[in-house]
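In the order they appear, the protein sequences are chains P and B. The first sequence maps to residues 0 to 234 in numbering that gives the first Met the number 0. The second sequence maps to residues 0 to 254 in numbering that gives the first Met the number 0.
If you're looking for bench data, these hints aren't it; they were derived computationally from the structure. Do not take every clue at face value.
Simulated pairs of lysine-lysine, BS3-like, Cα-Cα distance not exceeding 27 Å [unchecked claim]:
no., chain 1, residue 1, chain 2, residue 2
1, P, K167, P, K222
2, B, K248, P, K12
3, B, K5, P, K97
4, B, K81, P, K66
5, B, K248, P, K66
6, B, K81, P, K105
7, B, K2, P, K97
8, P, K123, B, K15
9, P, K66, B, K2
10, B, K81, P, K4
11, P, K25, P, K66
12, P, K62, B, K83
13, B, K2, P, K123
14, P, K123, B, K5
15, P, K124, B, K15
16, P, K62, P, K209
17, P, K12, B, K252
18, B, K83, P, K97
19, B, K5, P, K101
20, P, K12, B, K146
21, P, K165, P, K97
22, P, K4, B, K248
23, B, K251, P, K66
24, P, K101, B, K2
25, P, K101, B, K83
26, P, K62, B, K81
27, B, K1, P, K66
28, P, K215, P, K174
29, B, K251, P, K204
30, P, K174, P, K4
31, P, K66, B, K252
32, P, K101, B, K1
33, B, K5, B, K252
34, B, K251, B, K1
35, B, K251, P, K14
36, B, K146, P, K14
37, P, K215, P, K204
38, P, K66, B, K83
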Amino acid sequence: MIEAKNITKTFGKLKALDNISLSFDKGQCIALLGPNGCGKTTLIKTILGMVVPNSGEILFDGKPIAKEWLYRNQIGYMPQIGRYPENMTIANIFDMMKDIRKESAKQLDEDLIESFNLNSMMNKKMHTLSGGTRQKVSAALAFLFNPDVLILDEPTAGLDPLSSEKLKEKIIIEKEKGKLVLITSHVLSELDELITQVFYMQDGKILFYKNLSELKNETGEEKLTKAISKIMMAY
Amino acid sequence: MKKVLKYVILDIVQNKTVLIYTLLLAIISFSVFSLESNSSKGLLSLLNIILIIVPLICIVFSTIYIYNSAEFIELLLSQPLKRKAIWLSIFGGLAVSLALAFLIGVGIPILIYQPNGTGFMMIAAGLFLTVVFVSIALLSASFTRDKAKGIGLSVFIWLYSSLIFDAVVLFLLFQFQDYPLERVMVILSFLNPIDLSRIQMLLQIDISALMGYTGAIFREFFGNNTGIAMSFLGLTGWIAIPLFISLRKFEKKDL
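My request is simple: use the sequences and hints to build the entire structure.
So this is what it looks like as structure tokens:
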């Protein structure tokens with residue numbers, strides 16, 4: 000579904016992505032892990048076409064994404080920080096997105112709008128909302144158009160436990176429908192029940208890319224948190 | 000492009016700064032017209048105020064708005080939209096809303112007190128100036144990621160066009176007073192959008208005494224009507240060129 004070939008991206012002297020090749024397929028739920036500043040967000044942004052790599056290419060469904068934009072019809076993206084024009088209401092944001100993606104949205108998936116109870120505050124302006132509520136709007140937007148690929152950058156940061164549980168349930172449902180889900184998170188404990196693969200990056204390089212079960216077998220640990228820390232000790 | 004434009008306009012017209020700007024322009028316009036007994040004299044005083052305030056507010060507000068929309072632009076980029084469409088929507092949104100503010104704040108008073116050719120010309124010049132400085136704001140915001148630097152650059156550009164430019168022109172005039180500088184002066188006046196609008200207005204009002212050196216040469220060089228047409232052409236260039244460069248930069252930018 001998504002394939003990258005020898006992607007390199009530098010910001011000045013910093014190598015944010017160093018010759019990365021990968022391939023993500025349908026039905027996978029991949030955790031992008033790594034220390035701060037290891038290039039996770041840059042990788043996500045190159046896939047979305049926000050950052051243009053210095054060399055290498057990215058294929059989406061076998062087609063290169065350079066200078067393309069329609070492939071993003073199949074992606075739902077939830078950014079790390081969701082900030083919106085302050086005088087727009089939640090309803091404005093949803094209307095605008097529906098306008099933009101009219102063609103691709105055959106059926107809307109409004110599950111999250113309902114479970115987060117966003118309908119009751121549709122007329123509130125964005126600048127009056129708390130960080131958590133904005134995060135809920137971002138999440139609902141990512142899932143709204145039933146995309147084949149979901150890219151979630153720190154999805155549960157700032158959400159209360161109940162809402163983050165609801166979001167996790169939703170992610171599992173979508174994964175089981177055969178969608179590709181990419182998650183970055185620093186809260187490893189909550190990833191255990193979600194993910195099938197672990198993609199670990201450091202200093203712009205891939206350290207390993209393994210199935211979760213494989214990883215657990217190798218380390219002999221039951222929990223992802225412990226497995227990761229064991230591997231990190233070894234390196 | 001229309002899809003995003005509509006919502007950007009909706010957002011900006013509700014912005015408090017834009018509302019205050021509209022109100023400020025309206026208060027200034029009405030008070031100038033009611034203070035001066037002769038309303039064409041009032042128009043002239045209004046011109047001088049507009050040439051300072053409109054560029055300043057337009058450029059600073061637009062720059063800040065673009066920096067504050069960084070995350071929103073990112074979100075739009077993750078949608079199936081062309082980069083060009085996103086950037087032009089933001090330009091269009093800013094230009095339309097600030098032009099609307101000018102039309103309400105200055106346009107209405109002028110239509111009440113001076114509904115003639117000169118009045119219309121003044122409205123046209125103000126609208127052009129609004130769009131020019133939105134376009135320049137987009138350019139300076141596309142140069143740097145740092146908000147403080149971007150706003151600093153914008154303020155400097157404003158300072159250049161309203162103060163520094165005149166000082167430099169005067170300096171050149173004194174230094175080279177033995178040489179015929181007419182042609183050079185005409186070309187120089189195209190380097191400053193505020194100067195162009197001033198010349199345009201003064202050519203229309205036809206008060207040579209107030210026209211200043213560049214203005215007088217301008218009229219001598221082009222004659223009144225061609226002069227006005229040329230200055231509009233110059234202003235259009237001041238809209239198109241910065242917008243084009245910023246668009247090229249935005250299309251290659253990493254966000």
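For each hint, the structure was consulted:
1. For the hint pairing K167 of chain P with K222 of chain P, the CA-to-CA distance comes to about 17 Å; that is within 27 Å, so the pair holds.
2. Proximity of K248 of chain B to K12 of chain P is assessed by CA-CA distance (about 21 Å); at most 27 Å being required, the pair is judged to hold.
3. Simply put, K5 of chain B and K97 of chain P have alpha-carbon atoms about 13 Å apart, close enough for the 27 Å limit, and the pair holds.
4. With a C-alpha separation of about 9 Å, the suggested pair K81 of chain B and K66 of chain P falls inside the 27 Å cut-off, and the hint holds.
5. Restraint check for K248 of chain B and K66 of chain P: satisfied, since their Cα atoms lie roughly 14 Å apart, inside the 27 Å limit.
6. As the CA atoms of K81 of chain B and K105 of chain P are separated by approximately 21 Å, the hinted pair is consistent with the 27 Å bound.
7. Taking the CA atoms of K2 of chain B and K97 of chain P, the gap is about 9 Å. The hint holds against a cut of 27 Å.
8. Straight-line distance between C-alpha atoms of K123 of chain P and K15 of chain B comes to about 17 Å, which keeps the hinted pair within the 27 Å bound.
9. A C-alpha spacing of about 21 Å is found between K66 of chain P and K2 of chain B, which places the hinted pair at or below 27 Å, so the restraint holds.
10. Restraint check: the Cα-Cα separation between K81 of chain B and K4 of chain P comes to about 24 Å, which is no more than 27 Å; the hinted pair holds.
11. Distance check on the hinted pair: K25 of chain P and K66 of chain P sit about 24 Å apart at the alpha-carbon level, within 27 Å; holds.
12. Distance hint between K62 of chain P and K83 of chain B is fulfilled; the C-alpha atoms sit about 22 Å from each other, no more than 27 Å.
13. At most 27 Å may separate the alpha-carbon atoms for a hinted pair to count; K2 of chain B and K123 of chain P meet this at roughly 21 Å.
14. Annotation: proposed proximity of K123 of chain P to K5 of chain B holds, straight-line Cα distance about 19 Å (limit 27 Å).
15. In summary, the hint linking K124 of chain P to K15 of chain B is supported, as the alpha carbons are separated by about 14 Å, within the 27 Å threshold.
16. A threshold of 27 Å between alpha carbons decides the hint, and for K62 of chain P with K209 of chain P the separation of about 25 Å falls inside it, so the pair holds.
17. Our distance criterion of 27 Å between C-alpha atoms is met by K12 of chain P and K252 of chain B, whose separation comes to about 17 Å.
18. Annotation: proposed proximity of K83 of chain B to K97 of chain P holds, straight-line Cα distance about 20 Å (limit 27 Å).
19. As the CA atoms of K5 of chain B and K101 of chain P are separated by approximately 16 Å, the hinted pair is consistent with the 27 Å bound.
20. With a CA separation close to 22 Å, the supplied pair K12 of chain P and K146 of chain B stays within the 27 Å bound.
21. For the hint linking K165 of chain P to K97 of chain P, the alpha-carbon distance of about 23 Å falls within 27 Å, and the restraint holds.
22. Restraint check for K4 of chain P and K248 of chain B: the C-alpha separation of about 26 Å stays at or below 27 Å, so the hint holds.
23. Restraint check for K251 of chain B and K66 of chain P: satisfied, since their Cα atoms lie roughly 10 Å apart, inside the 27 Å limit.
24. At most 27 Å may separate the alpha-carbon atoms for a hinted pair to count; K101 of chain P and K2 of chain B meet this at roughly 10 Å.
25. Our distance criterion of 27 Å between C-alpha atoms is met by K101 of chain P and K83 of chain B, whose separation comes to about 19 Å.
26. Between the alpha carbons of K62 of chain P and K81 of chain B the distance comes to roughly 17 Å, so the proposed pair stays at or under 27 Å and holds.
27. A hinted pair counts as satisfied when its Cα atoms are at most 27 Å apart, and K1 of chain B with K66 of chain P qualifies at roughly 21 Å.
28. A C-alpha spacing of about 21 Å is found between K215 of chain P and K174 of chain P, which places the hinted pair at or below 27 Å, so the restraint holds.
29. Only pairs whose Cα atoms come within 27 Å are accepted, and K251 of chain B paired with K204 of chain P is accepted, the gap being roughly 24 Å.
30. For the proposed pair K174 of chain P and K4 of chain P, the alpha carbon gap of about 25 Å is at most 27 Å, so the pair holds.
31. Pair hint K66 of chain P plus K252 of chain B holds up; C-alpha atoms about 13 Å apart against a cutoff of 27 Å.
32. The straight-line distance between the Cα atoms of K101 of chain P and K1 of chain B is roughly 13 Å, inside the 27 Å bound, and the hint therefore holds.
33. For the suggested pair K5 of chain B and K252 of chain B, the alpha carbons sit about 24 Å apart, so the restraint of at most 27 Å is met.
34. Pair hint K251 of chain B plus K1 of chain B holds up; C-alpha atoms about 23 Å apart against a cutoff of 27 Å.
35. As the CA atoms of K251 of chain B and K14 of chain P are separated by approximately 19 Å, the hinted pair is consistent with the 27 Å bound.
36. For the hint pairing K146 of chain B with K14 of chain P, the CA-to-CA distance comes to about 24 Å; that is within 27 Å, so the pair holds.
37. Restraint check: the Cα-Cα separation between K215 of chain P and K204 of chain P comes to about 22 Å, which is no more than 27 Å; the hinted pair holds.
38. Only pairs whose Cα atoms come within 27 Å are accepted, and K66 of chain P paired with K83 of chain B is accepted, the gap being roughly 11 Å.
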